[in-house]
Amino acid sequence: NAGVTQTPKFRVLKTGQSMTLLCAQDMNHEYMYWYRQDPGMGLRLIHYSVGEGTTAKGEVPDGYNVSRLKKQNFLLGLESAAPSQTSVYFCASNRGWGPTTGINQPQHFGDGTRLSIL
Amino acid sequence: DAKTTQPNSMESNEEEPVHLPCNHSTISGTDYIHWYRQLPSQGPEYVIHGLTSNVNNRMASLAIAEDRKSSTLILHRATLRDAAVYYCILRDVTRDYGQNFVFGPGTRLSVLP
Numbered sequence: 351n352a353g354v355t356q357t358p359k360f361r362v363l364k365t366g367q368s369m370t371l372l373c374a375q376d377m378n379h380e381y382m383y384w385y386r387q388d389p390g391m392g393l394r395l396i397h398y399s400v401g402e403g404t405t406a407k408g409e410v411p412d413g414y415n416v417s418r419l420k421k422q423n424f425l426l427g428l429e430s431a432a433p434s435q436t437s438v439y440f441c442a443s444n445r446g447w448g449p450t451t452g453i454n455q456p457q458h459f460g461d462g463t464r465l466s467i468l
Numbered sequence: 068d069a070k071t072t073q074p075n076s077m078e079s080n081e082e083e084p085v086h087l088p089c090n091h092s093t094i095s096g097t098d099y100i101h102w103y104r105q106l107p108s109q110g111p112e113y114v115i116h117g118l119t120s121n122v123n124n125r126m127a128s129l130a131i132a133e134d135r136k137s138s139t140l141i142l143h144r145a146t147l148r149d150a151a152v153y154y155c156i157l158r159d160v161t162r163d164y165g166q167n168f169v170f171g172p173g174t175r176l177s178v179l180p
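Protein sequence lines, in the order shown, are assigned to chains A and B.
The first sequence begins at 351 in our numbering and counts up by one.
The second sequence begins at 68 in our numbering and counts up by one.
Keep in mind the hints are simulated off the structure, nothing from the lab.
Mixed in with the good hints there might be a few duds.
Unchecked claim - Not close to chain A: a few residues of chain B, all C-beta gaps over 10 angstroms, as computed: (1) Met77; (2) Glu78; (3) Glu83; (4) Thr93; (5) Ser120; (6) Ala127; (7) Ser137; (8) Ile141; (9) His143; (10) Ser177.
To be verified - What the simulated footprint calls covered on chain B by chain A, stretch by stretch (three residues with Cβ under 8 angstroms from a Cβ of chain A suffice, anywhere in the stretch; the number is not a length): (11) 104-111; (12) 152-160; (13) 165-171.
Backbone N, C-alpha and C fix where the C-beta goes; we use that ideal spot for every residue, glycine too.
Could you build the full structure based on these sequences and the hints that come with them?
Put into structure tokens, the structure is as follows:
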């Protein structure tokens, strides 16, 4: 049972570099999410997707782009990394059906990507 | 927006029950109460959720006040593995979807052997 897999697990970038974080889920979930977690804080939603080919902005979307070309994958891109984007990034997914459409379906999280930008 | 308030930290002794409180005085009738926990160096994991009635599952129990302005997550017998940050979140289909999936700072639970 792989669940939600994030790659890479660690990365160090220089300011201005670009990179893509990959999230893959094998549970056939409709909804996927990208979060960031800064030290001592909760998780803040960056972007999310309610289905293949769709994306939407969360609470802190600036400086990030996302794509959901395949149902099982959700990519998070940093076009020009900044030190303020140093954080731990978590991907999550859940099912979407019924009257509450994803609200009450448990989110399944990956183990995170630790990203440092110098 | 309906928000939750939790203590920053709590301590418990191993093998004793733990009651983690959450205040949500502005909760609406369509808000579901969700709990997640995050073990060290891991992503959060779902614990339990409910609307009005108390709920039990293999991990924990959720006790919801009659006026729904507060709730309590109950771990019946704390183990060292239960040391984590516990998040209480309100989720409502009538709210903008993305607003439902933000996690506040939570309560850091320490379990003493």
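Could you check that no beta carbon of chain A comes within 10 angstroms of the beta carbon of Thr93/B? 18 angstroms, holds
Confirm or reject the statement that Glu78/B sits farther than 10 angstroms, beta carbon to beta carbon, from all of chain A. For Glu78/B, whose nearest Cβ neighbour in chain A is about 18 angstroms away, the distance exceeds 10 angstroms, so it holds.
Beyond 10 angstroms from each Cβ of chain A, as asserted for Met77/B: 16 angstroms, holds
Is the nearest CB of chain A more than 10 angstroms from the CB of Ser177/B? 15 angstroms, holds
Closest CB-CB distance from Ile141/B to chain A, is it above 10 angstroms? 19 angstroms, holds
Taking the minimum C-beta separation from Ser120/B to chain A, is that value above 10 angstroms? At about 14 angstroms from chain A, Ser120/B clears the 10 angstroms cut-off, so the statement holds.
At a Cβ distance under 8 angstroms, does chain A reach at least three residues of the region 152-160 of chain B? The restraint on the region 152-160 of chain B holds, since 4 of its residues have a Cβ under 8 angstroms from chain A and three suffice.
Taking the minimum C-beta separation from His143/B to chain A, is that value above 10 angstroms? At about 20 angstroms from chain A, His143/B clears the 10 angstroms cut-off, so the statement holds.
Was Ala127/B rightly flagged as not at the interface, with every chain A Cβ beyond 10 angstroms? 13 angstroms, holds
Confirm or reject: Glu83/B is not an interface residue toward chain A, with every Cβ-Cβ distance exceeding 10 angstroms. Its Cβ never comes within 10 angstroms of chain A, the nearest being 27 angstroms, so this holds.
Is the coverage entry for the region 165-171 of chain B by chain A consistent with the three-residue Cβ rule at 8 angstroms? Per the Cβ count (7), the hint holds.
If you look at each residue in the region 104-111 of chain B, do at least three have a Cβ nearer than 8 angstroms to any Cβ of chain A? holds (count 4)
Every hint, counting from the list given before, is met by this structure.
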